[in-house]
Structures are given as C-alpha cells and as structure tokens.
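Undergrad: One-letter residues, chain by chain:
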Amino acid sequence: MRARFLTAALLAAVCAVSTGCARKPQEPLVGVYLALTGDMADFGITTRQGIELAAEEINAAGGINGQRLRLLVEDDRGKPEEARTVVTKLVDQQGVVAVLGEVASKNSLAAAPICQARGIPMLSPSSTNEEVTRKGDYIFRVCFVDSFQGYVMARFASENLKAKTAAVLWDNGSDYSKGLSSVFKSDFQKMGGRIVADVTYAAGDVDFSSQLTRIRAAQPDVIYVPGYYTEVALIGRKARELGITVPLLGGDGWDSENLLKRAGEALDGCYFSSHYSSDTGSPVVERFVRSFQDRYSTMPNALAALGYDATWILAEAMKRAGSLEPRKIRDALAATRDYPGVTGKITINEQRNAVKPAVVLQVKNGAFRYVTTIQPPNRK
Amino acid sequence: MQEFLQQLVNGLVWGSAYALIALGYTMVYGILRLINFAHGDVYMMGAYSALFISGWLTAAGAPVAQSPLWAMVAMLGAMAAAGLLGFLIERLAYRPLRAAPRLTLLITAIGVSLFLQNVAQLAFGSEPRSFPELIPSSTILQVGSITLSNQQAIIIAVSVVLALALQVIVHRTSIGRAMRAVSYDREAAALMGISVNRVISFTFVLGSALAAAAATLIALNNPLVTPTMGVQPGLKAFVAAVLGGIGNIYGAMAGGLVMGVAEVMIVGYGSSGYRDGIVFAILIVVLLVRPTGLFGSPVTERA
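As they're listed, the protein sequences go chains A and B.
In terms of the numbering used here, the first sequence is numbered consecutively and its last residue is 380.
In terms of the numbering used here, the second sequence is numbered consecutively and its last residue is 303.
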C-alpha cells in the first residue's frame, strides 16, 4: 500500500516536472544566435541590425496576430561549440518557438541538430553550405546554397569575363570555401574552361605569398578565392604585390566594409557573387534601404538584408500558422511561396532551401557596384 | 625555376623573422636553461605596441604611412615596450622560482603565455586589427618574374642588422662577456662579482626587443594583428632554436632561415595543410637524429 502510494507520488512528481518542462508557447519568443564578437563579428552584428529592424516593423504593424514578437539574442563568438551551447540555452531554458541564425555554415551545422531534435524550426539567414538544411525537416534557410554561388561565378567568369583558365585558392578548413570552390571547378570545366592551379590556405594564415607564387606561375585568367573578407583582403594585397593583375573572384564572404578598408585598392576591379545589391532599382529594396539608414545611419549590406528577410518570412509563417506551436510554424515556413523579399523573390523548395537569383558585384573605387543578376539554372 | 627562386625569397623573409624570434629563445635557454614559452606572446604584444604607437603618431600628425623614419620610431617603441614586458615577466614570474625545479619554471612559462594571450584579448578585443601601411609596398627588384618588394627587403635587411648588433653586444661589450660567463657557469660568474640578476634581466630585455622587432616587420608585410598571432611563430621559432642547437646564437639564425624556407616550400609545392606539420616533423627528426641540433656544442658552452 505504502509502496504503491510512493510510486504514485513519484509518478505524479515526474508528470508535474515534465509538464513544467513541456513547452507552452504563449508568446512569440524567437531566439537569435550570431557571432557578435570574434573574427566574424562583423557579419553577426550587421545581421542582427537587419533582424531587429524587421522585428520593429513587424511589431509596429500589429505583431504576430496581435502579440508582440520578442527576440532573445545570444552571442556565439563565431565558434561552433558556443553555438551549440547558446542554442541549447535558447531552446531548453528560454523556451523559444523558433530560432534565427547563423551566418557561418559551420555554426549553423553545429546548432541545427539541437533544433531538429527538440522540434524547433530554425531559419538561417545566410548559411549557404548544402549540408545545413539536410540536418532535418525543421531546418530552413532564406539564402541560396553554395553550389549555386559556385555556378554563378563559373558562368560569370566564362561568359562575362571570357576567361579560359582559372586558379582556385580556397580555405581547406572551411566547409563554405570547400563547397564553393568544388562547384566552381566542376562547372567552369563543364563550360569549357581549364583549372590551372588548385591551392589551399588555412583560416588565420597571414602570409599567402607561397600560394600566390604558385598561382602566378600558372598564369590563370582569373583567380577564384571563395573565402572570408579577413583573409581575402590580405590575399588581394599580396597578389598585387607579387605583380598578379588578373581579377580575383569570390563569394558572399567578401561582402563586408572591412574588405574595402583592409584591402585598400588591391581588389579594385574584382568581382563576387552575393545576395543583394542596394542599387537594383526595386521599390522593395529602396524602402528597406531608407528605413535601415534612418535607423542605423549606414548602408545595409547583404547580411543585413538577409537577416531582415529571414525575420519577415518567419513572422509571416507564424501569422499563417495561426498558432505558436513549433510544428505548425514549421509547416507554414515550408509553404512559403514567392515571398517578395529584399533579396529577391523567395520560394522555399522541398529541400527547405530558398530558390532565388544571385547578384554579381564589383569592387570599384572603394565601394561595391551592381554588375548583373544571375538566375538559378534549371537543375536541382 | 623562377617560381622556386620566388618561393625561396618568400621563405627567406619569414626565415629572417623566425631567426629574430629564435634568438630570444636561445639566449634565455643559454642563460637560464629555461624554454620561455611566453616568448611568442611577447612577440604578439610587440605587434600591438607597434600598432598603437603608429596610431598615436598618426593622431599626433606624423605622416607615418609616408615615412620609413616614423616606421622606425614605431619599431623602436615596440622594442622598448616589449623589452619592458620581458623584464617584468622575468622579474615577477621567473625570478621567484629560480631555485625551483626546472619543470616548475617550464609550467610557469606556459602559464605566462596563456595569461598574455587572455590579457590581450580582454584589452584589445578578439577581432583582428589591421596594421597600418607604415611603408607602402612597391617592387624594388625584378629579375624575370622574381620580385622583391621593399617590405621584404626591409624585413631581411633589418633582421641582418639586428643580428649583427646582437653579435657585437655579445662579443664586444662587457655585458656581453658577463652573459657568456653566466651561461658558462652561473655560480662561478657570481663569485667573480658579476651581477647575475642584472645579466638575466638584460637577456630577457634583449630577446623580447628582438621579438618585437620581428613582430613589427612581419606586421608590416602581413598587416593583421590578433591576440593569438604569437602562437605559431613562437612555436616555429622554438623549433628553429632546437634545430640550430638551442643555446647557440648562430644556430638560432640558421634554424630560423631553414624553418622559414621549409614552411614556404611545403605550402608552395605540397599543401597548406602541412604548413604547421612540417615544424613538428623537423622537431622529431632533429631530436631523433641530432638532439644537439645543427650547431650542437657541448652542453656547457653556450650563448
């Protein structure tokens, strides 16, 4: 009798504890994890600006079905292990109904399994590595994937620049850089080009003279450097110092004011693919640029635009879901079609990736200039 | 062939910087039998000092970017700051432990290294900083496609000058003679009236100043400064010192050059993934084949 009572009491206690833990989504609480300090802080900070601007606009327009959207922002210092820690905190302790983040793919890859396991939708604004959304059906992104950026620059190099030969210099410690360079190599060759040098570096390197000496000897028409701005700026300077004059090409990891500051004139005339340009002339973009400038007094970059789009798409999905149940938010996110975002018309496909065009920008006189828009190819 | 020669030039540039750092390791080892693992972080602090000094100079209106003279001022300032730091490290961390077992001293050195890295991260932030373009790069020598930039030439030239100056100090001055005496036999030197503490302090100041000079030179050509930038060069210079025969000044310079060239060649003809691996490969081979290093000398005759 007594034993049975104890068991019952224990069971009751377990139930009480577990219902206490069980999420009761009462308010639209959204977790944000980004690198706000460290090597990639620049990316995280501008993304946060876009996210916060969107949240303010969403709340000014009535919030999520009458409730104010609240953001909980955590800093992961750009480190995958920190990303895991802060996302666990957001999901388990703070009970968010959805998560926005990260910029760098390695951090998204680290945190995605946690969101997937807990059944919390995660929407990355700008992680382009293919693997990110393969982590599960709760993981989404509003940017295009690496293979597309590799394709865009391969096509731009061979069609617009008429390049016949290319060298590739990539970061062998970065999934992002590896992804872009491998697609660039295969697509450039498919388009009739030849890869004359394939060289690697490691993030944190400060001297690239030996890699660039090897590339110089191969005399390519273009050099594809799909890295992050910190190293790319140093690579650009060193390339010019060694007398390499051909254009360097890159991806959205270049898209930072710091690239211009650190590279000086070295990258003038070089091209990279990105998500967005402020001078494409679209009214949606113009309205965004105006309110961003009012709020922060600087020009928004692609990361700010992606953060902004991600937040709006999540908010729209939450509205359409008609409930703050993470499962319903997930289904509504998956049903996003032709959303008129700042970074183009966004449709989420079956792989939970955004299908959208890319822009090619040129570094010119200390600024980024819009060159062209390249549409996704008719392939998966 | 031209590519090979260009790689050789690139390697010599790094090699001469490694040689300067390796001198600090080797001198301290020669005198104290201590591997000062904080030396790489003194190098890092030297780079930050040069960064701040050139910042102040610019703020005060000196046209730093246009003038090698002001770049020299920044370098000398960084050397002075790092010298002071080296003095303080020895005085506060190592001297109280001088009678302790050598392992204690080694562990303390690692502690000091971590301490400096974290202080730098706290004080300067972990975001990498751009080093100002003290001397704008230009090509001063071109043979075929082999180029030598003014910055590379300055790195090599200043390293040679500093190494020669060190030779003069060690072999032609009384403090240099005292250093050699202390290295040979500390107790006997003390009995002969040499102030051992003064000599040890001087050795730290000298080694740290050389590391700061190397840091300024490297930052000039590779303009990025971070709190952990000293770790890899420190490790490589340490291996360079071992390779040359730790405690031996010529050995440190030769070892530095070998390290620089080996590293650049492995990246140029192999893969950048092996860049840091080559260091340990060299270390292992030296320890297996010739533990006393290239210029290995009897254990007692040092510095």
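Be aware that a few hints might be false.
Partial pick of chain A residues on the chain B-facing surface, computed with a CB cut under 8 Å [said to hold, decoys possible]: (1) Asp-39; (2) Gln-94; (3) Ser-182; (4) Glu-241; (5) Ser-291.
These are calculated hints, taken from the structure and not from any lab test.
Note that CB positions come from ideal geometry on N, CA and C, so glycine has one too.
Undergrad: The structure should be examined with respect to each hint, and the outcome stated for every one.
TA: Hint check results:
Because the beta carbon of Asp-39/A sits about 6 Å from the nearest beta carbon in chain B, less than 8 Å, this interface hint is met. The restraint placing Gln-94/A at the interface with chain B is violated, with a minimum CB-CB distance near 26 Å, outside the 8 Å limit. At a threshold of 8 Å, the smallest CB-CB gap from Ser-182/A to chain B is about 16 Å, leaving the interface hint violated. Hint status for Glu-241/A relative to chain B: holds, with the closest Cβ pair at about 5 Å, below 8 Å.
The restraint placing Ser-291/A at the interface with chain B is violated, with a minimum CB-CB distance near 28 Å, outside the 8 Å limit.
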